[in-house]
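Colleague: Chain by chain, the residues:
Protein chains: 4
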Amino acid sequence: MLVLEDRVRFVETDMMGVVHHANYFRWFEMGRVAYLREAGIRLTDLMADGYLFPITDARCTYRASARFDEEILIKTDLVEVSRVKMVFAYQIRRKADNLLFAEGFTQNVFTNQDNKVARLPNHYFERLRDYASRGRQEGVL
Amino acid sequence: MLVLEDRVRFVETDMMGVVHHANYFRWFEMGRVAYLREAGIRLTDLMADGYLFPITDARCTYRASARFDEEILIKTDLVEVSRVKMVFAYQIRRKADNLLFAEGFTQNVFTNQDNKVARLPNHYFERLRDYASRGRQEGVL
Amino acid sequence: MLVLEDRVRFVETDMMGVVHHANYFRWFEMGRVAYLREAGIRLTDLMADGYLFPITDARCTYRASARFDEEILIKTDLVEVSRVKMVFAYQIRRKADNLLFAEGFTQNVFTNQDNKVARLPNHYFERLRDYASRGRQEGVL
Amino acid sequence: MLVLEDRVRFVETDMMGVVHHANYFRWFEMGRVAYLREAGIRLTDLMADGYLFPITDARCTYRASARFDEEILIKTDLVEVSRVKMVFAYQIRRKADNLLFAEGFTQNVFTNQDNKVARLPNHYFERLRDYASRGRQEGVL
Numbered sequence: 504m505l506v507l508e509d510r511v512r513f514v515e516t517d518m519m520g521v522v523h524h525a526n527y528f529r530w531f532e533m534g535r536v537a538y539l540r541e542a543g544i545r546l547t548d549l550m551a552d553g554y555l556f557p558i559t560d561a562r563c564t565y566r567a568s569a570r571f572d573e574e575i576l577i578k579t580d581l582v583e584v585s586r587v588k589m590v591f592a593y594q595i596r597r598k599a600d601n602l603l604f605a606e607g608f609t610q611n612v613f614t615n616q617d618n619k620v621a622r623l624p625n626h627y628f629e630r631l632r633d634y635a636s637r638g639r640q641e642g643v644l
Numbered sequence: 504m505l506v507l508e509d510r511v512r513f514v515e516t517d518m519m520g521v522v523h524h525a526n527y528f529r530w531f532e533m534g535r536v537a538y539l540r541e542a543g544i545r546l547t548d549l550m551a552d553g554y555l556f557p558i559t560d561a562r563c564t565y566r567a568s569a570r571f572d573e574e575i576l577i578k579t580d581l582v583e584v585s586r587v588k589m590v591f592a593y594q595i596r597r598k599a600d601n602l603l604f605a606e607g608f609t610q611n612v613f614t615n616q617d618n619k620v621a622r623l624p625n626h627y628f629e630r631l632r633d634y635a636s637r638g639r640q641e642g643v644l
Numbered sequence: 504m505l506v507l508e509d510r511v512r513f514v515e516t517d518m519m520g521v522v523h524h525a526n527y528f529r530w531f532e533m534g535r536v537a538y539l540r541e542a543g544i545r546l547t548d549l550m551a552d553g554y555l556f557p558i559t560d561a562r563c564t565y566r567a568s569a570r571f572d573e574e575i576l577i578k579t580d581l582v583e584v585s586r587v588k589m590v591f592a593y594q595i596r597r598k599a600d601n602l603l604f605a606e607g608f609t610q611n612v613f614t615n616q617d618n619k620v621a622r623l624p625n626h627y628f629e630r631l632r633d634y635a636s637r638g639r640q641e642g643v644l
Numbered sequence: 504m505l506v507l508e509d510r511v512r513f514v515e516t517d518m519m520g521v522v523h524h525a526n527y528f529r530w531f532e533m534g535r536v537a538y539l540r541e542a543g544i545r546l547t548d549l550m551a552d553g554y555l556f557p558i559t560d561a562r563c564t565y566r567a568s569a570r571f572d573e574e575i576l577i578k579t580d581l582v583e584v585s586r587v588k589m590v591f592a593y594q595i596r597r598k599a600d601n602l603l604f605a606e607g608f609t610q611n612v613f614t615n616q617d618n619k620v621a622r623l624p625n626h627y628f629e630r631l632r633d634y635a636s637r638g639r640q641e642g643v644l
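Residue numbers (the numbering used here), protein chains in the order written: chain L, 504 to 644; chain V, 504 to 644; chain U, 504 to 644; chain Z, 504 to 644.
Think of the hints as simulated: they come from the structure by calculation, not from any bench. Predicted model, so just to flag it, every value in this text is computed and none were measured. Where a beta carbon is used, it is the ideal one built from N, C-alpha and C, also for glycine. Fair warning: there could be bad hints in the mix.
Unchecked claim - Residues of chain L placed beyond 10 Å of chain U at every Cβ, according to the derived structure: (1) V514; (2) T516; (3) M533; (4) R562; (5) V582; (6) A592; (7) N615; (8) D617; (9) N625.
As the list claims (entries may be wrong) - Only part of the chain L face toward chain U is listed, based on derived beta-carbon distances under 7 Å: (10) D517; (11) M518; (12) A567; (13) F571.
Okay, chain L solo, but in the shape it has when bound:
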């Protein structure tokens, strides 16, 4: 599990006075990118090697409304990974009291530039699997 901290931006609110629901998917992405970076995988390297990683499924369940200027925690865990896809789980919490704002999932698949499914090369896959297994031993999220 990886935890990022961020703060709700004014632009992320809407006229109901709370964070617009679509922004949670941006936070999930920040968590996913940071998780991969920590695992030693840079998305720019993947792209330079000819791999894309489109999202094929995204889901968010909203429990409470985050508001402007609140400090949040973005908790990210890799719950499933193979050479053709990865599934991440997320929780967005209020930093002050750990209140759960939302939780969700995304699935990415790996493809080549022609949009065909591509198997992730070993050196990427092993780094990701190893990092994920270390994270799970900590038993977090």
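Once you've looked at the hints, dock chains V, U and Z against the given chain L.
Modeller: What follows is chains V, U and Z alone, placed relative to chain L:
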């Protein structure tokens, strides 16, 4: 079912050269707002009457990648409605050949300003239920 | 001059209850893209030919606040064009009564993939200049 | 002057492979909000007291293109302030080598809920003026 037309904006793309996945939830919202407007329900009226309508669940499954400047269809249907919640289903398709880019669901609940669940007054609920039942008779989406 | 119609999206509002100011630059872009398309220039063709067109200057002056669900007009004119840059002017108006919400400018330069200034080939430049000169004869914006 | 650090999000890029120009205005806002917070002014307090602070002018000049995952500095300074308006100046730089990506300005005015210009009460104004004068003595930005 309600069908809106729109065109992919440059800002909606990302460095993979396709529409960023979070934008589909913006398109779903456009469909939902238009559906409610057609049913005779303006969100500004709901808010003026003290009701909020937070999203509690949002999901999208991605089938193909929409690209810059493509004309799209946003197809929206109300699949479940009660005095406390509404569930919408969506399809995003390419206008040229009806290719399915993505499909998804959202659930809104109705609350008061204090974030407590609130029952939608009859005059709103009946308009929505009537409009939905007419739509279903057409058997579309 | 080119006029597009659009409608304020819920996601475009912020907790002040009006459209967030950054969204006007998205509307300017919609106008600019449509103007170029009408002139016979597709940005995807430009990119396929190795040209990029980064924004080097953007400015907006806000006169009144657009609100959710209002229908707007995006008025776009090309006020300066050469083989190395183009300057567009914009007005965002309320469709109902022509109220001016905002007006602004952007400047794009043309570059190659290595970010060096590149001169636009004749067939692009002439289409753009001809379309702009026809527009100016109409004396609009 | 106030310096924030942030990192370019994937969603902030566009199909030219660089940060979309509209996002710089989101970064300016982050800087402005943080500056006001440090000065002891919370926008939620201002709003609770009946004040709004719409942007009336926004400008950005782009010098170089920020890219995905780069760490950036958001430098913010208050260059003019009175009881009716405030003007901020910004620089966005690459953290690694201080490369200037963009610089810009925004002007906010203070209004009441009916959109009439309102004079900022003394306790807000003095905090802001005092914080700004301390910042200028440091001679930064």
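Colleague: If a hint holds in the structure, say so; if it does not, say that too.
Modeller: Do the hints match the structure? See the list:
no., hint, in the structure
1, V514, "violated (5 Å)"
2, T516, "violated (4 Å)"
3, M533, "holds (18 Å)"
4, R562, "holds (19 Å)"
5, V582, "holds (29 Å)"
6, A592, "holds (25 Å)"
7, N615, "holds (19 Å)"
8, D617, "holds (16 Å)"
9, N625, "holds (31 Å)"
10, D517, "holds (5 Å)"
11, M518, "holds (4 Å)"
12, A567, "violated (16 Å)"
13, F571, "holds (6 Å)"
Of the numbered hints listed earlier, those contradicted by the structure are 1, 2 and 12.
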